[in-house]
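Participant: Read off the chains here:
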Amino acid sequence: MDIALDDRAAAALTGATPPRRAARAGGRPPFPFAAIVGQDEMKLALLIAAVDPSVGGVLVFGDRGTGKSTTVRALAAMLPTMKAVAGCRFNCDPAQAAQLCDACRADPRRVVQTVPVPVVDLPLGATEDRVAGALDIERALAEGVKAFEPGLLARAHRGFLYIDEANLLEDHLVDLLLDVAASGENVVEREGISIRHPARFVLIGSGNPEEGELRPQLLDRFGLSVEVRTPTDLPTRIEVVKRRDAYERNPARFARAWEAANRDLRTRILAARKRLPKTVVPDATLEAAAKLCIALRTDGLRGELTLVRAARALAALDGDAQVTVAHLKRVAPPALRHRLRRDPLDEAVSTTRVERAVAEVFGP
Amino acid sequence: MTPDAGPSPAADAAAAARLLAVDPAGLGGAVLRAGPGPARDRWLALLAAALPAGTPMRRLPAGVPDSRLLGGLDVAATLAAGRRVVERGLLAEADGGILLAAMAERLEPGTAARLAAALDDGEVSVQREGVALTLPARIAVVALDEGIAAEEAPPAPLADRLAFALRLDDLPPADLAAWAPPARVDAARARLPRIPPDDRILEALVKSAAMLGIAGIRAPLLALRAARAAAALAGRDRMEEADAALAVRLVLAPRATQLPAEAPTEDPPPPEPPPPEPDQNQAQDQTPPDPGPDQQQMQEMLLAAARAALPSGLLATLDLREQARRAAGASGKAGARRQAARHGRPIGTRAALPRSGQKIALVETLRAAAPWQAIRRRERPIGPRLRVLREDIRIRRFKERIGTTAVFVVDASGSSALNRLAEAKGAVEMLLAECYIRRDQVAVVAFRNRGAEVLLPPTSSLVRAKRSLAGLPGGGATPLAAGLDAAAALAREASRRGRTPLLVLLTDGRANIARDGTPGRPKAEADGLDAAAALRMLGIPALVVDTAPRPQPYARKLAEAMAGRYLPLPATDAARLSAAVAGVRDAA
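Protein chains in written order, with this note's numbering: chain E, 1 to 364; chain S, 1 to 588.
One thing to keep in mind: the hints can contain errors.
[What the hints assert, rightly or not] Chain S is faced by these chain E residues, among others (derived, beta-carbon under 7 Å):
1. Ala97
2. Ile137
3. Arg243
4. Asp245
It is worth saying that the hints were derived from the structure and are not from the lab.
Even glycine gets a Cβ: it sits at the ideal position worked out from N, Cα and C.
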């Protein structure tokens with residue numbers, strides 16, 4: 001039985017789609033980021049991306065049921081808010097005059113408001129028109145107006161775009177995402193519409209290697225790649241189930257109980273962002289990073305750049321004024337493991353190789 | 001089955017239906033492995049009878065398109081109305097109720113992932129064809145698994161999220177007849193949220209899961225919800241051990257990959273059978289936090305329940321099944337790539353008039369026509385409300401060839417093993433790396449002793465490919481013809497799905513087992529050449545890598561018979577091998 005909602009209902013529903021997933025499944029708050037047990041590498045990678053989005057995306061690969069999606073979706077409620085031009089469909093940043101969209105540029109009396117950082121899901125089955133944006137059928141049919149209806153890329157601007165099961169995404173969408181992620185701009189040329197708008201976002205992809213591989217081209221585009229595993233020690237597993245159960249029984253109360261911890265993380269991110277431009281990368285550290293990349297024979301300079309940027313963000317998070325080899329060591333596996341001249345058959349081997357090289361180059 | 005096995009499996013199956021009715025969205029659903037027949041019908045009737053009145057129950061047809069599953073633009077209604085009309089999908093329609101997935105063993109991985117997302121989120125997010133909305137979809141999925149062979153099973157990402165796995169065909173019909181229609185569960189539902197957490201039961205369930213070798217956190221969580229639902233159903237206001245025991249039997253036992261030790265001591269016992277995966281058995285190496293005597297007792301009781309629910313010999317089946325499932329991958333195998341073959345890789349749309357077989361992209365066409373409606377209506381005031389001209393029509397574009405399936409045929413016989421099975425494995429691994437970069441699918445066939453075995457059906461997961469090779473033993477006779485026949489079957493299957501097959505055979509060519517399984521070189525070699533000729537008739541490009549220590553004529557003759565390229569391994573380095581495969585592939 002098909003139920004056709006009438007257009008008003010549909011519009012209401014469409015409009016009701018919140019820009020951030022603060023409320024899921026019947027208005028319940030997301031699982032608090034701070035309450036996630038373990039998965040330290042993944043959490044660190046996300047914090048680094050929150051401090052310095054130019055690190056360039058996080059790929060999360062791992063077993064089923066390890067809370068990959070839960071962790072990413074927990075971001076929205078944990079991240080600091082941001083300032084945006086009120087009413088702007090692209091969440092324009094009022095502080096970046098050069099990057100404003102056409103509408104904001106044309107409006108001299110821009111009102112600024114505080115909004116949550118968008119964490120946008122790219123659901124499976126999404127079609128290209130909804131991802132990139134397209135002609136608004138509704139208005140075209142009813143009014144004969146050629147209006148642009150922004151897509152998910154517009155909504156994700158200045159935030160995060162999350163693809164669960166990235167390996168199941170259709171190739172043409174992957175190409176589109178990579179193109180936009182690289183250029184920071186979405187260009188739509190279709191149905192007589194010609195529009196470009198800023199679309200700078202941190203791409204987060206997750207998947208399970210058992211379900212199929214990611215294209216190597218896609219792999220390379222992610223700044224950091226983390227592996228998540230099921231915790232194996234009993235106390236951790238018990239704690240995971242306990243917290244999950246407590247959350248499910250009363251999501252609002254659980255979220256309140258963890259709000260202080262989430263707030264601490266938020267403060268840490270804000271402090272790190274402020275500290276980031278002043279965080280010094282000494283030549284010795286740069287040299288060490290280069291040595292490590294040479295030892296691992298990573299392709300191109302992207303690995304080295306990401307390694308240094310991630311280490312700097314980590315130093316900023318830790319409150320350190322200088323980036324040291326200790327920081328490099330911690331971010332080397334996620335920054336480099338997916339860039340090795342590949343033995344694609346075994347990710348664990350890549351991790352081991354990075355660790356071995358770290359030990360050789362930096363000493364134990 | 002031990003005499004103190006507790007409630008019969010049939011009684012437990014009936015209990016599962018009632019528990020699911022109490023908390024469908026929490027428990028996620030059930031895998032019902034049974035052929036169509038009275039057992040399955042009776043179980044579904046039980047479920048329907050227990051569910052509160054008016055609970056939606058929808059059937060999910062195999063191969064359901066996104067427009068029906070997720071919803072989207074109702075094109076017909078939109079055209080008729082001249083404005084956007086949204087159609088709800090099955091996921092949203094089944095909100096608060098049950099979605100029955102027919103032929104779940106053939107469910108496509110993409111469909112399974114969409115169901116999994118709805119199960120995780122309790123809602124469905126639609127971003128399709130100009131429609132952007134999120135609708136509640138708090139559903140349970142009952143996966144009707146009609147698989148016969150062990151490897152035919154619902155996709156693992158889905159099965160992992162469904163609390164129960166029931167095998168109804170094994171139940172005695174007399175027990176089924178005893179199923180009484182249950183009372184509705186409205187009272188239990190009201191009680192469910194009031195049942196308090198119980199750390200003792202929670203910890204015992206997590207520990208039981210670990211001792212049964214169950215990786216992942218979902219299983220103990222589902223077991224906990226099942227225990228809570230059981231308490232609510234029994235009219236209790238707290239969980240008791242009987243509830244936990246039922247949860248262990250229904251949720252944990254079917255997922256077990258190892259038997260718990262008979263009498264658990266302070267420390268968990270050392271692993272008994274080596275489980276297939278190293279990371280799965282790490283859990284049992286851990287010492288649990290010091291359990292009190294009471295806790296210890298309950299733990300023992302739960303493990304006894306698990307043991308009772310595992311009939312002897314079942315473990316082996318489970319293990320095989322798990323392996324087979326892993327081999328078959330996420331896909332319900334047959335369904336997996338079918339869609340790809342039918343459609344190819346979609347690469348957008350373009351303006352053109354559709355010729356036969358091409359698909360009109362309705363929404364895109366509509367979009368192209370929409371801006372002109374006002375003008376067209378002005379030009380010709382009389383006529384249909386919506387005017388679509390030929391230049392508006394958009395057709396879907398697909399990339400015809402969607403990729404190569406490289407079938408590796410590995411001779412694991414004694415002669416090869418002695419010579420260079422290890423090197424052959426190395427070569428295959430290297431070739432696999434090449435395939436990975438090109439996104440080819442790979443399949444692995446090995447032959448030794450009496451026959452050939454498909455170690456790995458076509459997959460793009462190289463982790464699995466490598467695993468299947470690593471576990472390949474060597475030794476025994478050389479049934480070459482059987483190996484080639486198996487490869488031919490895989491290759492035919494691949495082309496049927498629109499992929500280009502490619503064959504890489506690693507052998508010394510010294511066949512000594514004929515097609516009919518009889519030993520003897522002359523007949524075996526003749527059969528081998530015959531099978532090779534059959535491959536040539538299929539037009540499958542092939543590469544024969546001679547694994548003999550010194551190049552001998554056997555493998556070369558084989559290569560000629562299948563009109564393939566010949567490459568002696570001793571003289572081959574990695575670069576040449578990869579160039580040869582690339583050459584064959586380009587010729588394809």
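Participant: Where does the structure disagree with the numbered hints, that is, which hint numbers, in rising order?
Facilitator: Of the numbered hints given earlier, those the structure breaks are 1 and 3, listed in rising order.
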